[in-house]
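> Sequence:
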Amino acid sequence: MTANASYSLRTYNDGFPLYELREPGTDSSFVVCPERGGIVTSCRLHGQELFYLDRETFLNPQANIRGGNPVLFPIAGQLVNGEYEWNGRTYRMKNHGVARTSAWEVAKTETDNEASITLSLRSNEDTRAEYPFEFELLFTYRLQNGVLTIDQTYRNLSEEPMPMVAGFHPYFATESKNLTYRTDATRMYDYNDKQEKPFDGYLKLEGMVESAALLNADKPEISFPLSGGRSVRLSYSEPFRYIVLWSVEGKPFVCVEPWTALNEALNNKKELLMVDPGQSLALSLSFELRD
Numbered sequence: 001m002t003a004n005a006s007y008s009l010r011t012y013n014d015g016f017p018l019y020e021l022r023e024p025g026t027d028s029s030f031v032v033c034p035e036r037g038g039i040v041t042s043c044r045l046h047g048q049e050l051f052y053l054d055r056e057t058f059l060n061p062q063a064n065i066r067g068g069n070p071v072l073f074p075i076a077g078q079l080v081n082g083e084y085e086w087n088g089r090t091y092r093m094k095n096h097g098v099a100r101t102s103a104w105e106v107a108k109t110e111t112d113n114e115a116s117i118t119l120s121l122r123s124n125e126d127t128r129a130e131y132p133f134e135f136e137l138l139f140t141y142r143l144q145n146g147v148l149t150i151d152q153t154y155r156n157l158s159e160e161p162m163p164m165v166a167g168f169h170p171y172f173a174t175e176s177k178n179l180t181y182r183t184d185a186t187r188m189y190d191y192n193d194k195q196e197k198p199f200d201g202y203l204k205l206e207g208m209v210e211s212a213a214l215l216n217a218d219k220p221e222i223s224f225p226l227s228g229g230r231s232v233r234l235s236y237s238e239p240f241r242y243i244v245l246w247s248v249e250g251k252p253f254v255c256v257e258p259w260t261a262l263n264e265a266l267n268n269k270k271e272l273l274m275v276d277p278g279q280s281l282a283l284s285l286s287f288e289l290r291d
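Here the sequence shown is numbered in the UniProt record's numbering, starting from 1 and rising by one per residue.
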């Protein structure tokens with residue numbers, strides 16, 4: 001264990017190597033598993049766990065993890081038939097991209113002025129088979145004053161512009177699937193009937209199989225209630241222009257997912273983030289618990 005009076009780092013093994021960073025003064029902590037897609041499996045702020053985690057899927061290296069906060073890159077969502085075309089060639093890519101199924105490396109940890117860990121993911125033979133670009137991702141997970149922030153750097157190491165979508169898929173632990181969201185979005189796209197509809201802040205996810213995407217928010221933040229009378233607020237960089245809402249019947253979670261573009265972006269070429277050769281894109285996402 002590494003610690004000072006304010007912050008600590010603990011490493012341990014629970015199926016995979018895990019890193020737990022704590023801020024005792026705010027009764028806050030988070031746990032990261034680099035090997036399983038750089039995922040945050042637990043986020044405890046001011047004494048309350050924010051995330052749901054299905055341990056069975058976490059412990060099965062062949063399964064997609066249901067829970068925590070999976071990283072979505074270079075797509076968010078699905079591709080029709082799992083395929084997209086780029087520069088005259090067809091590639092296959094699984095839902096939500098390559099980052100969430102890749103093993104990340106630990107680049108740095110910090111417990112002096114904050115509790116933080118920086119993870120890196122570089123393109124490799126497996127990623128290039130699905131996404132033909134050289135890249136490096138650097139994510140710093142930072143806990144300070146009871147707020148968890150993910151500072152992201154997306155570097156293009158290729159010799160041509162790199163198209164990408166950034167996103168996250170946080171599973172928030174809650175028994176209620178029917179919530180009121182504080183956002184200035186007034187329109188949503190319902191993937192169940194493929195219709196655009198008005199949105200007044202309330203959405204009944206109970207009974208919905210597919211997701212719904214909030215379309216036209218101007219303010220880069222959203223908040224909603226969790227158990228115990230508290231609310232969680234997500235704040236994020238402006239390129240995260242969509243929030244996707246989703247759940248599964250009978251499971252105690254709702255997903256509130258910031259995406260920079262919707263399904264099929266690599267095929268329809270709409271709203272892709274283009275990173276020039278040798279350049280980087282910096283984005284941020286924060287989680288905060290409020291009474």
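If you are wondering where the hints come from, they were derived from the structure by calculation, not from laboratory data.
Idealized CB from N, CA, C, for every residue including glycine.
Just so you know, not all the hints are guaranteed correct.
Pair ranges (Cβ atoms, derived) [unchecked claim]:
| no. | residue 1 | residue 2 | range |
| --- | --- | --- | --- |
| 1 | 95 | 124 | 17 to 23 angstroms |
| 2 | 225 | 112 | 32 to 38 angstroms |
| 3 | 206 | 63 | 43 to 49 angstroms |
| 4 | 206 | 159 | 29 to 35 angstroms |
| 5 | 276 | 56 | 40 to 46 angstroms |
| 6 | 197 | 10 | 31 to 37 angstroms |
| 7 | 78 | 204 | 38 to 44 angstroms |
| 8 | 62 | 239 | 17 to 23 angstroms |
| 9 | 264 | 62 | 47 to 53 angstroms |
| 10 | 251 | 94 | 20 to 26 angstroms |
Here are the computed lysine to any residue pairs in the SDA-like style, where the Cα-Cα straight-line distance is at most 20 angstroms [claimed, not checked]:
| no. | residue 1 | residue 2 |
| --- | --- | --- |
| 11 | 204 | 250 |
| 12 | 177 | 201 |
| 13 | 219 | 187 |
| 14 | 270 | 177 |
| 15 | 269 | 80 |
| 16 | 269 | 284 |
> A separate judgement is required for each hint: does it hold in the structure or not?
We went through each hint and held it up to the structure:
| no. | hint | verdict |
| --- | --- | --- |
| 1 | 95 with 124: 17 to 23 angstroms | holds (20 angstroms) |
| 2 | 225 with 112: 32 to 38 angstroms | holds (35 angstroms) |
| 3 | 206 with 63: 43 to 49 angstroms | violated (25 angstroms) |
| 4 | 206 with 159: 29 to 35 angstroms | violated (49 angstroms) |
| 5 | 276 with 56: 40 to 46 angstroms | holds (42 angstroms) |
| 6 | 197 with 10: 31 to 37 angstroms | violated (46 angstroms) |
| 7 | 78 with 204: 38 to 44 angstroms | violated (23 angstroms) |
| 8 | 62 with 239: 17 to 23 angstroms | violated (32 angstroms) |
| 9 | 264 with 62: 47 to 53 angstroms | violated (26 angstroms) |
| 10 | 251 with 94: 20 to 26 angstroms | holds (21 angstroms) |
| 11 | 204 with 250 | holds (14 angstroms) |
| 12 | 177 with 201 | holds (14 angstroms) |
| 13 | 219 with 187 | holds (14 angstroms) |
| 14 | 270 with 177 | violated (31 angstroms) |
| 15 | 269 with 80 | holds (14 angstroms) |
| 16 | 269 with 284 | violated (23 angstroms) |
This entry does not satisfy hints 3, 4, 6, 7, 8, 9, 14, 16, going by the numbered hints stated previously.
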